[in-house]
Amino acid sequence: MSTKRLISAALAAATAGVALLMTPVLAHHASGPFYDPDKRVEIEGTVKRFVFKNPHAFLFVDVADAAGANVEWQIELGAPVSLQRTGWTPETLPMGMVVKVTGQPSRAEGSTGICCVRMTRQDGSPVLSGGRVEEAVQPPR
Amino acid sequence: MKSQGFGKGKVLCAAVLSLLVWHDSSQVNAQTDGAAIPDLSGLWDGGGRARPVNGVDVPWTAENFPVLNERAIAYQQVFEEIIAPKYDCQPASSPAVQYDPYNMQVTQWPDRVLFRYEKDDQLRTVWLDGREPKSIDFSNQGFSVGRYEDGALLVTTTHFLFDITGFDDYNGIPSSSQKVVTERYWMEGEDLHVTLTVEDPMFLREPASYTTRWIPAREGYVLSAFDCDAESARASVRFFPSKYK
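Quick note, the sequences are listed as chains A and B, same order. 1 is the number that my numbering gives to position 1 of the first sequence; each next residue is one higher, with no gaps. 25 is the number that my numbering gives to position 25 of the second sequence; each next residue is one higher, with no gaps.
By construction, these hints were calculated from the structure, which means they are not laboratory data. Glycine included, every Cβ here is placed at the ideal spot set by N, Cα and C. Be careful, since some hints might not be right.
In silico contact screen, one side only, chain B against chain A (beta carbon under 8 Å); selected entries [as the list claims (entries may be wrong)]: (1) K86; (2) S232; (3) P241.
One chain only, chain B, in its complex shape (with noise of 0.2 Å):
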């Protein structure tokens, strides 16, 4: 009997721990279900040998430039450009940040994946476990949950703070909290792709979207710290006419 009571609770014991180790692995490994996962990582080119380097009509150009409300015009209108943030070294944020021309570094670790930005030292999370984000996690890059589907790796972003050029950084166009970026991104080759969705109710009347791609970075390449001066960020502002006294 008692010989009996302890083999059954071997039994339990193994089934518990058994239990345990499947939930531990389905936190770090969040994407078992056999979804196809494509090799992202590496150093990325986003400057002029990838792409169109950016402007007031790149990536956002006659075809897909977005539907603003009235509301959207009307900052849009008031804004001058040395009101930006950026001019006191405040990074990019999404959609801005992908289009930049510099370079990125993307890392896949089972349970996230790690985009940095050569650009002001930006390094985005995107959490593949399932978590989800609280109030304290609003910040300028947001925040970004994924998931493998098809060979390719769908990213959402919420959370966002209020950016009053949050848009891009030449046309004025501001974000709310409300924004919502999804992205994808797919191989083709060796050049690594995105398509990214923007949408914000605030200022938008119906979503806006750009495809884009990176190449391979050169042989050697080494990202090196941005370290934005605050001086060097704001030398050229006194050279702008303001309409405002």
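Pulled out of the complex, with its shape left as it was, chain A reads as follows (with noise of 0.2 Å):
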């Protein structure tokens, strides 16, 4: 699968203030300390592992990089305590699906974490069937 990295800060001024959730985020701690709000990186990979518990379910996907090495790719959800009252269960996200992701990447130097999601089956279909796929305010977290 490939990586696609988009760091572009004049997009991430246009989005900047526009949250990218397909799900609801709900506060458990600000994201500004962990994720840059003025960045922006896509990923495509395939699902390795998914953490689906409080305070926050979390996404590992594996990526290939430039070099066609696997790199692994942490993505941070909602609370499951209210993801699982919109449908989202402990399955909902398979070892070996591939997904699409776009969201603020991690600060620390070489760290590959995401916040603040988008995200689709590689399709661009929503991860849940019958859901939506739509670009929402995001409540500050």
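Could you use the hints to bring the two separately framed chains together as a complex?
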């Protein structure tokens, strides 16, 4: 699977303040200390592990880098106590599923994390059958 | 003579029994002075449908942001996000837990009111029977006592443990064992409202206060177990570029 890393200050500025999240994110902590809201990153990868536990669900995906080696990316999602009320379960993102993700990259140098994401299946359809993929204003974290 | 003595004995026994019953009732029904008791019981939604979700400026805005003393400012300057105990699943306490965007359940018993918070599975007990805390009652949620007055529930909580992020989840403001939180709960229509005031002379120059509300939870809602997971709580910590070596 290919990795497309789009880090554009202009693009980020255009989308700053517009949360790209298909699932509700509820407050546990502020994302700013961990993720850069002024940058965007886009990946496509294969689900390796889906941790569906409070306070935040996390998705781990394998993404091929430019050299073709697999790099693990960690995607922060919302609180399962709320996600489950919109139909999410621990089986929503099974191992081997391919997803496309766009979001804010993690701050620590060399780290591969994303938050505040817009996520779809490989073909662009919603992760949840019957669900919608939309960009919505994200409440403060 | 004997019958008269026996009759007096029965009267005395009856009087003693009456006193005991009255005393016992006063412990079970702490509020028997005619104070109007509001119906606060039920499942309440404190999420985005009810109020703005918390953040660095919610519920503490430019208008009501706490006035910090030099000690609090010094703590803020050395604070960094990843030392917050919530990343090890330590639950939020007052005044943060009341504003967390999750659901809550209120149960009113004659001698206590129970507040169960879905976030972090927290249970606060507000004692209505006049009991007072002891030194062993220091805890994350403190010790709460309350009474009904003018159609509202008044709560006072003391005996909080020191908490490096005991004021809120976003501003790195600590709270001390001297923190006192007072709350006034009342109903407006179908909504539950609260005005909460925090005093902490170790860190605040003056009391700080916010007012907010909950709306009835969606029909059929049942609180879920939160079961904070240690791995999930700390998973993003490695993404934080610490200023300390």
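Each hint tested on the structure:
For K86 of chain B, the shortest C-beta to C-beta distance to chain A is roughly 7 Å, which falls under 8 Å, so the interface hint holds. Taking 8 Å as the C-beta cut-off, the interface hint given for S232 of chain B holds, the closest approach to chain A being about 4 Å. Taking 8 Å as the C-beta contact cut-off toward chain A, the hint placing P241 of chain B at the interface holds, the least distance being around 5 Å.
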